[in-house]
Amino acid sequence: MVTLIKGILNGCKPITDENMLSSIEELILFTRLPGVGAATYWQLLDRFPSIHSALQASPEALKPFLSQEALDTLALVRSQKSASMAVQQVQRDMDWLQKNDITLVDTDHTAYPELLREIKRTPPLLYVKGCPASLNFPQVAIVGSRKPTPAGRDTAQAFGSDLAKSGFTITSGLAMGIDAAAHEGAVKVKGRTIAVIGTGIDSVYPQRNSALASEIIANGGAIVSEFPLGTDPQPQNFPQRNRIVSGLSFGVVVVEAAVKSGSLISARYALQQNRELFAVPGSIHNPLSRGCHALIKEGAKLVETSQDIVDELGGFLSRQRDLLDIYKQPAENSLPKHDELIANDLEDDVLAKLDYSPTPIDALAERTKKPIGEVMSCLLTMELKGLVANLGAGYMRLR
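The sequence shown finishes on residue 426 if you use the working numbering, and the numbering steps up by one all the way, no holes.
Among these hints, one or two may not hold up.
In the DMTMM-like style, the derived pairs of lysine to aspartate or glutamate whose C-alpha atoms are separated by at most 20 Å in a straight line are [said to hold, decoys possible]: (1) K215 x D389; (2) K397 x D376; (3) K397 x D382; (4) K328 x D338; (5) K217 x E374; (6) K380 x E410; (7) K412 x E141; (8) K215 x E393; (9) K397 x D375; (10) K108 x E96; (11) K412 x D376; (12) K328 x D189; (13) K324 x E303; (14) K90 x D73; (15) K174 x D122; (16) K324 x D335; (17) K215 x D181; (18) K397 x E141; (19) K397 x D372; (20) K217 x D259; (21) K108 x D128; (22) K396 x D382; (23) K217 x D181; (24) K412 x D375; (25) K217 x E393; (26) K108 x D73; (27) K147 x D128; (28) K147 x E87; (29) K412 x E393; (30) K217 x E401; (31) K380 x D335; (32) K397 x E242; (33) K324 x E339.
No wet-lab data here; the hints were simulated from the structure.
Work the whole structure out from these sequences, hints included.
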């Protein structure tokens, strides 16, 4: 069934006095208005205390923010109430979401990605199929050409596998080429991967990646969209999608990109969002290397192996610890108790099976009887908590 935001529905004011729509339904209605997007949402919240208040405002007050078509839609909602086409569409949306196990994550939801809150035009609502908690796992984005060379595809898949085994969730856009190869690399080692799509959550584009999307979910990852149900793959959707791909991630890796490649949009977003930017070099004779070479000239970090990325992001992750509540220490600077740091049975099991000397990952996976990708994701979280340390040859417990 569809997961609604706990607390947001309690005591909410409806769009009419007939309790016609809940708060989450009002948000769906708003995002379905013609010409409305994340930018409009935040502009309205600068003017009104909530979207509910905005929807109740007069047409004159809303005119600076909404198109005439959107204003006409709201006028019909007010006059026709539940009989209006817009409200009926929202109800159809809710029925479909419930039947298809979609989680609705707004900015008040505990699963809303902390890193995504930092970016401009934060999406007000995410449709998530799969594991919503994965949105807050440490992520690396891998992007590139839709028509890569065989070598480029192999590189993306290898990076996806290696980084997943190192504990990162791999994030990309489910497009053909580099995107798909990166997702496949993570899936291949039973690692987690997140696909951010430029359509509604009710469709997969391109359709030939439908099986891959199912594998992503089966491995504990997620398919994510900010677009309403039924949204087609319009060209303008994909730059918007790209800002989420980079926004979710600690770093963005570009593997094969022409000078005018769409993946360079993700690279620009990475820089704007203060993310680490990596580029894989290639032959000077390969047109698909020129975009990467241009990024390197502009300051992107040249990477030849996935370990280059792991080494670089280790320090970056440390600088991001303040995003986690667990690092907000009390005034007396006392460390959290061991029991307070252990979040689940897997962390407890992993810690129990670690030594005070380096333990190889494969040995730990064998001891815990868990997939390497799952163990690595757990270890990376525990490393952020100060429970374990990565010594290169393996992990050792610190507490």
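Each hint tested on the structure:
| no. | hint | result |
| --- | --- | --- |
| 1 | K215 x D389 | holds, 16 Å |
| 2 | K397 x D376 | holds, 10 Å |
| 3 | K397 x D382 | holds, 18 Å |
| 4 | K328 x D338 | holds, 12 Å |
| 5 | K217 x E374 | holds, 18 Å |
| 6 | K380 x E410 | holds, 15 Å |
| 7 | K412 x E141 | holds, 17 Å |
| 8 | K215 x E393 | holds, 18 Å |
| 9 | K397 x D375 | holds, 13 Å |
| 10 | K108 x E96 | holds, 17 Å |
| 11 | K412 x D376 | holds, 16 Å |
| 12 | K328 x D189 | holds, 18 Å |
| 13 | K324 x E303 | holds, 15 Å |
| 14 | K90 x D73 | holds, 15 Å |
| 15 | K174 x D122 | violated, 38 Å |
| 16 | K324 x D335 | holds, 18 Å |
| 17 | K215 x D181 | holds, 13 Å |
| 18 | K397 x E141 | violated, 27 Å |
| 19 | K397 x D372 | holds, 12 Å |
| 20 | K217 x D259 | violated, 30 Å |
| 21 | K108 x D128 | violated, 28 Å |
| 22 | K396 x D382 | holds, 17 Å |
| 23 | K217 x D181 | holds, 18 Å |
| 24 | K412 x D375 | holds, 13 Å |
| 25 | K217 x E393 | holds, 15 Å |
| 26 | K108 x D73 | violated, 27 Å |
| 27 | K147 x D128 | violated, 29 Å |
| 28 | K147 x E87 | violated, 27 Å |
| 29 | K412 x E393 | violated, 23 Å |
| 30 | K217 x E401 | holds, 8 Å |
| 31 | K380 x D335 | violated, 28 Å |
| 32 | K397 x E242 | holds, 18 Å |
| 33 | K324 x E339 | holds, 18 Å |
In summary, the numbered hints that this structure violates are 15, 18, 20, 21, 26, 27, 28, 29, 31.
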